[in-house]
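Novice: Turn these sequences into a full structure, and let the hints guide you.
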Amino acid sequence: VKAIALAVAVASVMSGAPRELRFAMAGDPRTFDPLHAEESHSEMVRYLTGGVLLRVNRATGKVEPELAESYQITEGGRTIQFRLRAGLKFSDGSPLTSADVTRTLTRALDPKEASPIGDTFRSAEGDPMVRAASPLEIAVRYRLPKPDLDRLFDSLAIAPAAMAKLPATAGPFHVTEYRAGQYVRLERNPNYWKRDPNGRPLPLVDSIRIDIQQNHDIELERFLRRDLQVINKLEPEGFDRVQQQMPGAAKSLGASLDSEFLWFNEAPVKSLPEWKLRWFRSTAFRHAVSLAIQRDDLARLAYRGHAHPASGPISPANRFWFNAALKPLPANPQRALQLLAGDGFSFQSGVLRDRDGHAVEFSLITNSGNRPRERMAQLIQQDLARIGVKINIVPLEFGALIERIAKTLDYESALLGFANVEEDPVEQMNVWISSGAQHAWWPRQKTPATAWEARIDALEKQQASSPDRAARKKAMDEVQAIAVEQEPIIYLLNPDYLYAVAPGLKGLQPSAAPPQILWNVEWLRLE
Amino acid sequence: MRRLQWIAAVLLLAILAAALTAPLLAPYHYDRQFRDAPDAPPGAQFPLGADSLGRDRFSRLLYGTAISLLLAPAAALVSIALALVIAVAGALGRRGMENTVSGVITIALSLPWIFLFLILRAELPLNTGPALSLVATFALMGVAGFAGPARVFTASIRSLRESGWLLQARAAGTDPLRIAWVHGWPWLRSLALAQFRVLIPVYILSEAGLGLLGLGVPEPLPSWGNLLQELQHPGVVRSNPWVLAPLGLLVLVMVCLEMLADERAVQA
Numbered sequence: 001v002k003a004i005a006l007a008v009a010v011a012s013v014m015s016g017a018p019r020e021l022r023f024a025m026a027g028d029p030r031t032f033d034p035l036h037a038e039e040s041h042s043e044m045v046r047y048l049t050g051g052v053l054l055r056v057n058r059a060t061g062k063v064e065p066e067l068a069e070s071y072q073i074t075e076g077g078r079t080i081q082f083r084l085r086a087g088l089k090f091s092d093g094s095p096l097t098s099a100d101v102t103r104t105l106t107r108a109l110d111p112k113e114a115s116p117i118g119d120t121f122r123s124a125e126g127d128p129m130v131r132a133a134s135p136l137e138i139a140v141r142y143r144l145p146k147p148d149l150d151r152l153f154d155s156l157a158i159a160p161a162a163m164a165k166l167p168a169t170a171g172p173f174h175v176t177e178y179r180a181g182q183y184v185r186l187e188r189n190p191n192y193w194k195r196d197p198n199g200r201p202l203p204l205v206d207s208i209r210i211d212i213q214q215n216h217d218i219e220l221e222r223f224l225r226r227d228l229q230v231i232n233k234l235e236p237e238g239f240d241r242v243q244q245q246m247p248g249a250a251k252s253l254g255a256s257l258d259s260e261f262l263w264f265n266e267a268p269v270k271s272l273p274e275w276k277l278r279w280f281r282s283t284a285f286r287h288a289v290s291l292a293i294q295r296d297d298l299a300r301l302a303y304r305g306h307a308h309p310a311s312g313p314i315s316p317a318n319r320f321w322f323n324a325a326l327k328p329l330p331a332n333p334q335r336a337l338q339l340l341a342g343d344g345f346s347f348q349s350g351v352l353r354d355r356d357g358h359a360v361e362f363s364l365i366t367n368s369g370n371r372p373r374e375r376m377a378q379l380i381q382q383d384l385a386r387i388g389v390k391i392n393i394v395p396l397e398f399g400a401l402i403e404r405i406a407k408t409l410d411y412e413s414a415l416l417g418f419a420n421v422e423e424d425p426v427e428q429m430n431v432w433i434s435s436g437a438q439h440a441w442w443p444r445q446k447t448p449a450t451a452w453e454a455r456i457d458a459l460e461k462q463q464a465s466s467p468d469r470a471a472r473k474k475a476m477d478e479v480q481a482i483a484v485e486q487e488p489i490i491y492l493l494n495p496d497y498l499y500a501v502a503p504g505l506k507g508l509q510p511s512a513a514p515p516q517i518l519w520n521v522e523w524l525r526l527e
Numbered sequence: 001m002r003r004l005q006w007i008a009a010v011l012l013l014a015i016l017a018a019a020l021t022a023p024l025l026a027p028y029h030y031d032r033q034f035r036d037a038p039d040a041p042p043g044a045q046f047p048l049g050a051d052s053l054g055r056d057r058f059s060r061l062l063y064g065t066a067i068s069l070l071l072a073p074a075a076a077l078v079s080i081a082l083a084l085v086i087a088v089a090g091a092l093g094r095r096g097m098e099n100t101v102s103g104v105i106t107i108a109l110s111l112p113w114i115f116l117f118l119i120l121r122a123e124l125p126l127n128t129g130p131a132l133s134l135v136a137t138f139a140l141m142g143v144a145g146f147a148g149p150a151r152v153f154t155a156s157i158r159s160l161r162e163s164g165w166l167l168q169a170r171a172a173g174t175d176p177l178r179i180a181w182v183h184g185w186p187w188l189r190s191l192a193l194a195q196f197r198v199l200i201p202v203y204i205l206s207e208a209g210l211g212l213l214g215l216g217v218p219e220p221l222p223s224w225g226n227l228l229q230e231l232q233h234p235g236v237v238r239s240n241p242w243v244l245a246p247l248g249l250l251v252l253v254m255v256c257l258e259m260l261a262d263e264r265a266v267q268a
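Chain order of the listed sequences is A and B. For the record, in the first sequence the residue sitting at position 391 is 391 according to this note's numbering, with numbers rising by one throughout. For the record, in the second sequence the residue sitting at position 95 is 95 according to this note's numbering, with numbers rising by one throughout.
No wet-lab data here; the hints were simulated from the structure. Idealized CB from N, CA, C, for every residue including glycine. Fair warning: there could be bad hints in the mix.
What the hints assert, rightly or not - Chain B is faced by these chain A residues, among others (derived, beta-carbon under 10 Å):
#, residue
1, Gln214
2, Asp217
3, Glu237
4, Glu274
5, Arg300
6, Arg304
7, Leu364
8, Arg371
9, Arg375
10, Ala377
11, Gln381
12, Ile393
13, Val394
14, Pro395
15, Glu403
16, Glu412
Specialist: Given below as structure tokens:
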């Protein structure tokens with residue numbers, strides 16, 4: 001049997017059989033227009049097909065020229081000038097010039113387009129001016145310095161003038177077939193500009209088939225049957241199973257950019273009794289809850305050892321922006337009770353009561369169907385019972401959960417996670433600015449409720465407008481320190497990034513930043 | 001009663017007794033976590049092993065059996081009672097009433113009841129205790145499940161009403177109440193029993209499915225439904241075959257109920 005398999009393999013190599021990479025994603029891409037890719041499935045297709053001027057190398061964190069041969073940031077971070085490579089073409093053979101870049105960016109910024117990419121390029125002082133000096137030269141100019149100006153262009157895929165249903169692309173692949181609910185087929189772009197050091201045209205695989213598969217268990221089964229070659233994101237249970245059945249195929253990259261956390265509702269809403277609001281607004285109370293939670297157990301039991309206790313808002317996987325002075329809080333229920341006693345709480349007969357005699361009991365909402373998170377809630381329930389706090393776990397359907405935490409604010413505490421797709425902290429700004437719609441514990445404040453929130457507002461604005469990366473880092477370090485000191489959000493875990501790769505797939509350079517293992521897709525090869 | 005029926009009755013009683021005395025029989029409380037023994041294999045400490053949070057599966061099975069064995073049949077009973085009332089009202093009322101009942105049943109059958117459960121869970125006060133949430137879920141399940149049996153009963157009553165022997169009884173001047181009690185009810189009772197038996201496992205499994213949407217028996221309360229959720233993941237079954245214990249118990253209870261129901265049908 002082995003001899004036959006070997007013969008088939010040799011024959012397929014000799015005959016130049018098509019090399020197809022196969023993986024699954026959980027849903028259909030909503031669009032193939034790169035300027036309207038908003039949800040993760042469209043973004044995945046955009047990443048694999050879109051040609052960008054500059055690419056952030058996920059392995060080194062450095063910005064590298066792609067369609068742009070060179071670039072220059074001038075005027076103290078207000079202007080970026082690009083020079084395109086000569087002879088660039090879209091997958092349909094039409095030339096790619098500065099006019100395409102100008103048109104793409106203008107389209108992205110057009111309010112009528114409502115492009116999510118446009119937000120990345122907007123600025124409080126107005127939209128940038130885009131000017132093509134020649135067919136190969138473009139300049140983008142802002143009124144005030146724009147932080148990390150070059151990195152913004154990592155997400156801007158240059159679109160052709162005519163947007164067909166399956167548009168031409170300038171990236172390594174282009175979409176050739178799409179069957180809703182079944183699969184998306186990508187084929188190599190014959191006009192892709194990049195070559196390997198031996199002058200061979202990239203990409204190294206001929207096609208990619210992305211199956212639409214909602215059920216992760218089925219995705220896992222298909223991977224184990226070698227029907228798929230990659231699982232881009234594995235659940236902890238799946239990781240253990242792949243390890244058992246296909247040793248070496250399951251891999252962990254350590255802590256991901258994602259975080260799991262809980263927070264209390266501190267907004268003055270009618271549904272929240274005055275005494276509960278007093279608990280939730282007490283820093284000592286929040287610290288005590290944080291101290292009572294055994295983060296090591298959450299990582300070991302809820303994530304089967306595939307997570308790390310979190311130390312703050314930014315994961316250690318985000319090497320540049322993480323404040324390395326912060327450490328995960330070790331559990332200390334005794335210290336928690338001392339803090340509570342200092343804040344007027346009393347612990348008697350296993351029940352914690354506030355100074356007015358109210359037993360401390362609150363509900364914790366979370367989204368149903370997320371196994372690790374549901375396990376976390378049960379562990380937290382028992383941890384808090386040790387300091388006399390009773391929590392009622394309420395798993396809610398995701399839509400109902402969002403309705404409560406974002407609109408009606410009818411909840412007491414929530415357990416959720418944040419899937420970071422960008423390393424830059426600007427992405428989390430809406431969570432930390434007191435007027436932000438996602439300012440979890442009290443959204444849309446007219447003026448900051450506390451002095452420390454006002455300080456965070458100032459630091460966030462400072463980091464979002466400074467072109468100096470070191471100054472931005474200093475501001476973000478202080479934001480992280482305040483967040484840990486005040487704990488409006490109690491950070492619990494950073495889940496590990498787990499993935500699975502079939503043994504024959506080579507050339508991977510996995511990264512914690514999306515699209516984690518496929519970011520250098522043009523270099524992947526099947527052996 | 002035949003020997004097999006005796007065995008079924010004894011087994012059912014034993015299971016029910018064990019479930020009802022769970023606080024005495026179970027080695028541990030259902031939510032006690034042994035965090036140093038997650039996924040422990042069966043042994044002296046954990047007869048059926050421990051789950052991923054180190055909770056004793058045997059203790060959880062005993063407590064869960066009590067919840068499922070009492071509440072799934074209770075919900076089935078609500079459905080059957082509601083279905084009988086509606087079907088009889090439709091059959092005995094005027095022509096318009098019969099059409100109305102038929103319409104109500106058709107609409108109920110076509111309604112996406114899952115949304116009602118979602119609304120229920122979303123509207124229940126967040127600090128509703130697990131016990132109340134549990135009762136509300138099964139009560140709604142009972143109400144939501146009336147339409148299927150009601151359609152069967154309606155069709156059956158219609159055929160009964162048009163049967164020759166009933167016409168004969170009416171022509172002979174037999175009291176309508178007597179006709180209903182002596183001729184109608186035994187006919188309907190066997191149908192109701194069959195529907196009741198069908199609905200119990202349906203409700204147990206529905207509760208497991210609802211659990212995925214956060215609508216079933218709330219953790220840490222155990223039930224057959226949320227214990228069966230572990231079976232969704234083939235890997236877990238392969239590495240921990242003892243997670244099949246709730247399924248085994250469910251099958252055993254259903255077989256016993258089937259045997260007893262047969263006996264009752266024979267007697268009827």
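Novice: Take the hints in turn and mark each one as holding or not.
Specialist: Hint check results:
Hint on Gln214(A) is violated. Least Cβ distance to chain B is approximately 13 Å, over the 10 Å limit. The beta carbon of Asp217(A) is positioned within 10 Å of a beta carbon in chain B (closest approach about 6 Å), and the interface hint is therefore held. At a threshold of 10 Å, the smallest CB-CB gap from Glu237(A) to chain B is about 6 Å, leaving the interface hint in force. Hint status for Glu274(A) relative to chain B: violated, with the closest Cβ pair at about 16 Å, above 10 Å.
Because the closest C-beta pair between Arg300(A) and chain B is about 8 Å apart, less than 10 Å, the hint holds. The closest approach between the C-beta of Arg304(A) and any C-beta of chain B is roughly 7 Å, which is under the 10 Å cut-off, so the hint is satisfied. A least Cβ separation of about 9 Å between Leu364(A) and chain B falls short of the 10 Å threshold, and the interface hint therefore holds. Below 10 Å, beta-carbon pairs count as interface contacts, and Arg371(A) has one with chain B at about 9 Å; its hint therefore holds.
Among the interface hints, the one on Arg375(A) holds; its C-beta lies about 6 Å from the nearest C-beta in chain B, closer than the 10 Å criterion. Taken as an interface hint, Ala377(A) checks out: its beta carbon lies about 8 Å from the nearest beta carbon of chain B, inside 10 Å. Evaluation of the Gln381(A) hint against chain B yields a held restraint, the C-beta minimum of about 7 Å falling below 10 Å. Contact between Ile393(A) and chain B, as hinted, is supported at the beta carbon level, the nearest pair being about 6 Å apart and thus within 10 Å.
Evaluation of the Val394(A) hint against chain B yields a held restraint, the C-beta minimum of about 5 Å falling below 10 Å. Interface hint status for Pro395(A): upheld, as the beta-carbon distance to the closest one in chain B is roughly 3 Å, under 10 Å. Because the smallest distance between the Cβ of Glu403(A) and any Cβ of chain B comes to about 8 Å, under 10 Å, the interface hint for this residue holds. With a least beta-carbon distance of about 6 Å to chain B, the hint placing Glu412(A) at the interface is held under the 10 Å criterion.
When held up to the earlier numbered hints, the structure conflicts with 1 and 4 and fits the remainder.
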